[in-house]
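J.: Input sequences plus hints: build the corresponding full structure.
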Amino acid sequence: MFRALPVLLIIPTVGYFIAVAILNSIGEGIPLSELIANIKYNCALDNSSVCSTFANIILLKDASLISGLVSCAIVLSYLLISKFAGTNRKLVSRLFPPLIPLVLLAIAIQTFVQGVIITYGVYVGESFLIGRVHFVLIGMVALGAVIGSFQIVGSIFSLAKKLIHTQKAINILPSDQPNLWSLVKKIAEDIDSKPPNNIIVGLEPTFYATAADVNIGDNSNLKGETLYLSLPLMRLCNLNELKSIIGHELGHFKSNDTLYSTKFTPVYRGLGNSISQLSSSDSGALALARLPAICVLSSMYDSFAKNVAVISREREFEADAVGVSVSSARDLSHALTKVILFSGMWNDVLIDNINRLNKGKISANLSLVFKDNVAFNLNKKDISETKEKILSSSIFHPTDSHPLLSQRLVNIDFDSDEINLERLLSQGESYLDLFKNIEKVEEELTATEHAALISLGYATIPEGDENEVGFEAVIYAMAAGMVGVDGKIVQEEVAVAEQVGMSLLDSFDRTDFRAYIENLDSIPNVVELAGGLKDLDYDSKNKIITYLEAIAKADGEVDHSESTLIKDLKDLWFKDE
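Taking my numbering, the leading residue of the sequence shown gets 1, the next gets one more, and so forth.
Be aware that one or more of the hints could be misleading.
[Stated by the list, open to error] Cut-off 30 Å, straight-line C-alpha distance, at most; resulting in silico cross-link-like pairs (DSSO-like, lysine-lysine):
hint : residue 1 : residue 2
1    : K168      : K186
2    : K534      : K553
3    : K387      : K306
4    : K543      : K570
5    : K194      : K90
6    : K488      : K567
7    : K440      : K361
Since the hints were derived computationally from the structure, they do not count as laboratory data.
T.: Listed below in structure tokens is the structure:
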């Protein structure tokens with residue numbers, strides 16, 4: 001933490017030794033203190049330009065010394081306060097916010113003063129020692145000091161601004177979804193916490209609570225405490241798992257956490273932004289005078305970082321205990337595991353969606369697409385193999401950090417060996433009694449997601465109708481019919497249908513195919529569909545039969561209904577050949 005001090009002392013040290021070196025060269029062996037006294041005495045009688053130069057050199061020495069002492073005081077002050085506050089949230093929340101503007105102001109003054117020191121020091125040093133002055137270089141350093149000091153002063157005002165978090169979401173009013181609000185308020189009452197001012201829902205697979213202002217893209221910011229709920233995860237968690245998550249998030253609205261979130265966090269993040277802005281603007285000579293300021297600000301940020309890490313860990317552990325109190329350790333453990341396990345699949349959904357949009361294929365509901373990905377892309381073996389990775393992962397939070405899942409499970413006294421793999425794969429649909437018209441909300445959010453991707457240039461929808469029904473649709477329907485002919489959807493059969501289907505058709509689309517799987521009751525009979533393909537050549541028909549046989553065998557056994565369907569197709573296509 002003291003690494004900033006040597007950097008902060010470089011310029012005062014250089015200035016001091018330049019001044020002393022010049023004075024010693026003039027004094028020719030006269031003690032420095034005696035020489036300075038003589039110069040001051042003589043110059044008091046003769047106000048010549050030479051005296052003015054000597055006075056400036058003496059001022060350079062004194063200013064360098066004072067600047068060095070102030071630098072030590074700045075570093076010592078924030079180190080002592082950091083040590084004194086420790087991980088006490090109240091102390092950190094009360095001491096850190098007023099400390100930062102004071103330190104920033106001191107550093108701004110120091111940056112300007114040290115800019116003057118290095119500028120004049122280099123100028124007078126080059127004049128006396130080498131008889132040549134690099135005016136451009138000196139001017140750039142001076143300009144950098146002035147710009148840097150103004151930037152630091154400007155960052156003081158930015159600290160007062162409340163954090164604004166941007167989220168693609170929809171604000172849910174109590175009149176829109178009374179059951180959801182009733183549940184949230186009931187949980188808040190049970191844990192003696194204030195309910196959120198706002199509940200927003202979105203597609204991004206995470207849950208969080210924040211005291212920052214939240215912009216949801218409607219040109220206005222939601223004030224107060226906001227609870228974010230993920231609609232795709234609400235489909236995947238059961239009601240008790242959802243309660244445990246909501247309990248955890250509302251636990252952050254208790255008094256200590258609210259004070260910490262509203263007082264400390266914005267200033268701490270603002271300090272980080274100030275460092276980033278100072279570090280990224282300009283380079284070379286312009287940045288030289290700002291280097292000490294960047295160093296000391298970074299050191300101050302780091303001095304609190306360890307405290308912040310411990311506090312974040314404590315906050316999450318305390319909130320986990322609250323989540324357990326409204327459900328159970330088992331419910332919270334499975335909910336947390338689901339969030340980590342499934343959130344990693346969201347990026348794949350987004351990438352696939354971009355590819356589909358570029359082909360002119362528009363998914364109406366990305367939440368259902370995500371739900372299908374979970375259902376058809378994961379099995380117990382996959383989860384079992386990645387369990388250790390999941391336990392060593394943490395949940396993403398837009399304004400905070402979380403401990404590892406393994407640490408959180410230990411904290412709530414839950415054995416990770418008791419995580420039920422079947423329960424992780426079960427889709428609890430917690431929204432059923434809480435949400436009216438969830439599909440409508442999801443479709444609105446999906447349209448917003450599409451618009452964002454298009455506006456950012458990630459996707460361009462081609463002209464023309466790319467979604468017309470053709471040969472692909474018939475293949476999708478036949479493959480889906482084979483998957484569901486025995487009355488059950490087996491993941492292994494879906495996987496083979498997709499893998500082989502992509503080799504059969506270059507344009508095979510998993511999302512389109514899964515829509516048929518989800519709507520088996522509405523697709524035509526497979527044999528009837530095959531009747532429309534009678535004119536296909538023998539090889540094409542044989543490839544389709546082989547494809548459907550591979551689907552039937554995917555789960556290790558061929559059901560009677562599956563073998564009957566294959567036989568009916570062969571009779572229809574090949575009995576006359």
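J.: All hints, please: hold or fail.
T.: Here is what the structure says about each hint:
1. Taking the CA atoms of K168 and K186, the gap is about 27 Å. The hint holds against a cut of 30 Å.
2. For the proposed pair K534 and K553, the alpha carbon gap of about 25 Å is at most 30 Å, so the pair holds.
3. Annotation: proposed proximity of K387 to K306 holds, straight-line Cα distance about 29 Å (limit 30 Å).
4. Proximity of K543 to K570 is assessed by CA-CA distance (about 12 Å); at most 30 Å being required, the pair is judged to hold.
5. As the CA atoms of K194 and K90 are separated by approximately 19 Å, the hinted pair is consistent with the 30 Å bound.
6. As the CA atoms of K488 and K567 are separated by approximately 20 Å, the hinted pair is consistent with the 30 Å bound.
7. Restraint check for K440 and K361: the C-alpha separation of about 19 Å stays at or below 30 Å, so the hint holds.
Hint check: no violations occur; every hint is consistent with the structure.
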